[in-house]
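Enquirer: Sequence:
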Amino acid sequence: MGLFIFLLPVFWGYARVTRRHGQHLKERLGFVPRQAVEGLSGSPRIWIHAVSLGEIKVAAALIEVLEEIMPGCSIIVSVFTEHGRQMARETFSNDIPVIYAPVDFVGSVRKSLLAVRPDVMVFLETELWPTWLFESHRMGIKTALINGRISARSIASYLRLRPFFREVLINIDIFSMIRKQDADRIKSMGADPAGIHINGNAKYDLLGACADPAIEADIRRLLNLEGSQSVFVAGNTRHGEEEMILDVYEKILAEFPDILLIIVPRHIDRTPAIVSMVKKRGFNCQLRTDLGENKATRTEKVVIINTFGELFKVYSIATIVFSGASLVPLGGQNPLEPAIWGKVVFYGPSMEDFADAKELLEEAKAGVPVSSPGMLAEKLIWFLHHPKALNAYGKRAREAVLKNRGAAGRHAQIIKDLVAKK
3 MGLFIFLLPV FWGYARVTRR HGQHLKERLG FVPRQAVEGL SGSPRIWIHA VSLGEIKVAA
63 ALIEVLEEIM PGCSIIVSVF TEHGRQMARE TFSNDIPVIY APVDFVGSVR KSLLAVRPDV
123 MVFLETELWP TWLFESHRMG IKTALINGRI SARSIASYLR LRPFFREVLI NIDIFSMIRK
183 QDADRIKSMG ADPAGIHING NAKYDLLGAC ADPAIEADIR RLLNLEGSQS VFVAGNTRHG
243 EEEMILDVYE KILAEFPDIL LIIVPRHIDR TPAIVSMVKK RGFNCQLRTD LGENKATRTE
303 KVVIINTFGE LFKVYSIATI VFSGASLVPL GGQNPLEPAI WGKVVFYGPS MEDFADAKEL
363 LEEAKAGVPV SSPGMLAEKL IWFLHHPKAL NAYGKRAREA VLKNRGAAGR HAQIIKDLVA
423 KK
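Residues 3 to 424 in our numbering are what the sequence shown spells out, letter by letter.
Simulated from the structure, these hints should not be mistaken for laboratory data. No false leads were slipped in.
Calculated cross-link-like contacts (lysine to aspartate or glutamate; reagent style EDC-like; alpha-carbon spacing at most 20 Å):
(1) 315 with 295
(2) 390 with 257
(3) 303 with 257
(4) 423 with 175
(5) 418 with 70
(6) 423 with 121
(7) 281 with 245
(8) 282 with 252
(9) 315 with 220
(10) 28 with 40
(11) 315 with 401
(12) 381 with 364
(13) 397 with 218
(14) 282 with 271
(15) 182 with 354
Using the sequences and the hints given, assemble the complete structure.
Expert: Listed below in structure tokens is the structure:
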């Protein structure tokens with residue numbers, strides 16, 4: 003507690019200067035809103051921590067099953083960003099309180115746990131918070147890592163700190179991992195093999211229900227698309243990739259002059275730099291925030307999506323899709339979101355963080371790996387010239403995702419069994 007008191011003014015100053023964590027600072031320091039806890043009248047009480055948009059979707063799939071197999075349970079979800087809270091509130095019913103997670107100091111974590119008093123604390127994917135885990139264990143709260151994954155890209159860093167992570171992992175009761183490679187890696191970090199299970203990827207489960215044809219109709223209207231116009235969507239692009247995508251786009255335009263390019267950067271705060279880059283290449287572009295009802299009509303061939311949480315919708319109108327963070331060494335992004343729309347997905351060599359999804363698509367002959375921007379351009383142009391092959395790949399992609407549902411149920415059963423042991 004002494005360290006918490008010492009660091010409190012430091013954290014407060016950081017929040018003021020950077021404007022990060024400024025809003026709802028009290029929640030981040032452990033002061034959970036009373037109304038959030040008052041609604042938790044059922045039992046058992048389950049706290050799920052979800053950081054990214056992908057984790058929020060995993061949480062949604064879990065909650066749907068948990069409410070079926072544990073009627074009467076109370077669930078609370080924590081997030082770490084304002085965007086995360088916005089997306090969580092849009093995703094979950096009003097019956098699921100959404101709070102800000104505490105910063106990982108003893109005082110803030112302890113106050114939050116004492117306020118919520120969960121029976122089980124659920125962390126998703128790679129969320130390993132040392133203080134939070136230690137305090138949960140100390141207070142007798144069951145802990146679980148669900149939909150767990152440890153990428154090939156990060157395992158070396160974890161193993162360099164193996165003595166530290168071994169002490170962290172001691173505080174986790176159960177590990178429900180995505181695949182065998184993830185299980186082997188968490189074991190090598192020091193997790194108890196007896197507590198490790200392999201249950202698949204819950205991200206598959208809700209995708210089918212989310213791919214609503216009405217979404218496609220809305221996006222087509224928003225982007226003023228004619229029925230036959232081809233669309234190249236570059237999703238979740240990172241620094242260095244937009245330049246490559248523009249190189250690829252120029253080559254495609256030489257053979258398909260009407261094709262529309264939609265760039266969806268992973269971090270929308272990079273939008274001004276991307277706009278400048280596009281204009282330097284001789285293209286006019288429009289921003290998503292300038293389009294829509296009572297706004298401008300889309301007329302340019304390049305559109306930049308500078309809003310949060312719309313990429314999945316944009317995939318619905320794609321003819322061809324590049325999944326970003328893969329032509330630069332950043333581990334890739336989820337290729338299953340375009341796949342569920344029946345789109346052929348192209349990605350670079352860096353897909354370590356989504357290796358299971360990559361393998362699923364390639365085994366189904368539905369994903370197209372490329373090693374360079376030149377190869378990406380070559381493959382895209384080939385598929386645009388061969389629409390039957392493009393449609394066949396897209397159909398197999400959707401079928402592959404639909405066939406691999408069910409992981410959320412297996413992960414949820416792990417949580418139910420863990421609660422029963424309390």
